[in-house]
Amino acid sequence: MKQVILTITENTALTPTTWRMKLAGDVSAVTAPGQFIDLRLDGHFLRRPISVNDVEYGTDPDGGDGTVTIIYKVLGHGTEEMTHYLPGRELDVLTGLGNGYDLSDAGEHPLLIGGGVGIPPLYLAARQLMQRVRDGSVKDVTVILGFNSEDEMYYVDEFEELGCRVAVATADGSCGVKGFVTDAFRALVTECGSLCIAEAFGDENDPDSEPEYVRYTHFFTCGPEPMLRALYKEVYEEAGISGQMSFEERMGCGFGACMGCSCRTVTGYKRICKDGPVLRTEEILWQK
Amino acid sequence: MAEVRTISMDNTIPDTRVELCGITMDNPVIPASGTFGYGYEFAELYDINCLGTFSFKGTTGEPRFGNETPRIAECPSGMLNAVGLQNPGVDKVISEELPRLAAVFSKPVMANVSGFSVEEYVRVTEKLAAQDMVGWLEINISCPNVHGGGMSFGTDPCMAGEVVSAVRKVTDKPLIIKLSPNVTNIAEIARSCEAAGADGISLINTLMGMRLNLRTRKPIIANVTGGYSGPAVFPVALRMVYQVYDAVKIPIVGMGGISSAEDVLEMMMAGATAVEVGAANLVDPYVCRTIIEELPVTMERYGIRSLREIIGAAH
Ligand SMILES: Cc1cc2nc3c(=O)[nH]c(=O)nc-3n(C[C@H](O)[C@H](O)[C@H](O)COP(=O)(O)OP(=O)(O)OC[C@H]3O[C@@H](n4cnc5c(N)ncnc54)[C@H](O)[C@@H]3O)c2cc1C
Ligand SMILES: Cc1cc2nc3c(=O)[nH]c(=O)nc-3n(C[C@H](O)[C@H](O)[C@H](O)COP(=O)(O)O)c2cc1C
Ligand code: FES
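If you read the sequences in order, they're chains A and B. For reference, each letter of the first sequence is one residue, going 210 to 497 in the numbering used here. For reference, each letter of the second sequence is one residue, going 34 to 348 in the numbering used here.
Derived by calculation from the structure, the hints in this document are not laboratory data. Treat each hint with caution, since some may be false.
Chain B is faced by these chain A residues, among others (derived, beta-carbon under 10 Å) [said to hold, decoys possible]:
(1) D247
(2) M460
(3) F464
(4) I481
It should be emphasised that the depicted structure is a prediction, and the values quoted were computed from it without experimental measurement. Glycine residues also receive a C-beta, built at the ideal position from the N, C-alpha and C atoms.
Could you build all of it, start to finish, from the sequences and the hints given here?
Structure representation (structure tokens):
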């Protein structure tokens, strides 16, 4: 964790309610996708935790010339306030918070599933996994993105540009599969033997190519808790694929000092801000 | 931040030392219980030996998960918390946390004790007092008394006195009794603790409050109510420290909303010998170090040569 002053270089609306902000400065404390940063805003006592969407480290050995990108949804007073911040403004930010996703468990065919405001952290994960595709340790990366409707969609093109296979679900059916990410997941997998065999990804340009079925090896997800619960049941329990899920909790400090964000897990009590926000499916204990 | 060094009119550095219940501290700044864990999150950021001392997380007889989440809600200039005394229990604190702490902190530490019965306070105090690292015991009497109908020990002078006399029997180390502000007559409770053998009083703990979520129309905090703290409560805390200073002779550790060196001076003028900094640590992890660095210059600005000379100056 590092407390730094970052300078806003971009703050633009991607949809009527979702904004992207780029911040320049020392981002060297950001070490993994799925980590978050905690922004101090004018007129608000507590900081606002927002996931790292992307990070560039720059060339300065001290890390002073990097950039971190966040994508935020306008929810209450703090995120509304953020939309008024102009490039050039400096923000006090705690960087490199939380554990993040462990990509070493991705296997050859990782699946990334994001819902709404949970999509941003998956972008950096996807980008790093696509680097592994080029190294050969990962074969392909499939991404399922869930939105309420077409006009709330963002970043679909960006994931496609990385080279990921992208499936979209919208609750109102205005784009992609009608329903939730679990419906898109079901549409991807076929019934040949096991639920977790994905649809063939033959060569689209070659009508004679044989479909090749793949078994998803691991999944990474972030999104609202009902979505996480549904994925836990369908992808982990029923389809038997292990994964890593990123959780949200109201935070006091964001760096492990106040016990404001604790949860129970199979391996004991954990702090979402420090021991999380990413938990493994094997350790999750759902409450209620 | 650049190191702050100042030379006063007579070429001496302003003296930030204070004496709290027989132990001399380099400065009066103490991170408050529950906002500093067991120190290591902060020790990763800076050398925490610059602190006067710190008060570690409230410790109970048994391990506690605490309340369900959400435990935190934002408020104007502050926050509500309902952590519910999550801690690993006194035995694990002694076997695991204190040895880890010893690696990063070499000053006497303040052990914060909680309990839900007089017997639990006694047991936890006795065990913690036996640890060499522990300099002071801060007895948090804001917890509900499970045998007394759930009313907080700290809201009744008799119950408060009962806890103090019981823990007094098991240790000679300085006992600082931490009072709840959720009472009508704070001076009376403080006097009762002093009469029962307390060596000092610390105050204030958090003020009971609540917030609602307008969308769900329900409380934000799972526990419904939480404790309000942060800069907003400073005037309330200052008033209570002032009143307690008039009521007792033992030293006072003042806290509630402190976030700057000027706040420290003001709290000491009201009657505090030392101060604790709580919620401010959560939003600015370096705040205690910054306050300590800025104390000498701030003292100069107000013509203060030694902090000891301003304790209770407002009276
Ligand atoms: C680890 C983590 C990563 C997150 N990543 C993103 C992201 O990438 N993009 C994004 O849009 N949002 C993200 N969130 C949610 C984001 O923190 C909240 O939407 C934001 O704090 C709301 O602030 P507000 O002032 O607009 O809302 P208000 O409701 O006015 O906020 C009041 C208080 O409640 C807290 N709060 C409210 N909602 C949440 C929530 N869902 N989670 C945590 N605290 C909350 C606020 O931080 C603040 O302290 C993340 C949350 C966590 C915990
Ligand atoms: C998150 C949090 C946890 C706390 N936990 C404890 C505790 O375990 N024991 C205790 O005596 N006080 C606890 N407190 C109270 C503080 O030590 C302090 O008395 C109070 O917050 C007022 O100071 P402040 O306004 O500087 O925060 C806690 C406060 C906060 C914000
Ligand atoms: S928010 Fe303070 S410990 Fe997680």
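A quick look at each hint next to the structure:
1. D247: Hint on A/D247: holds, closest Cβ of chain B at ~9 Å, below 10 Å.
2. M460: 6 Å, holds
3. F464: 6 Å, holds
4. I481: Holds, about 8 Å.
Checked against the numbered hints listed earlier, the structure breaks none of them; every hint is satisfied.
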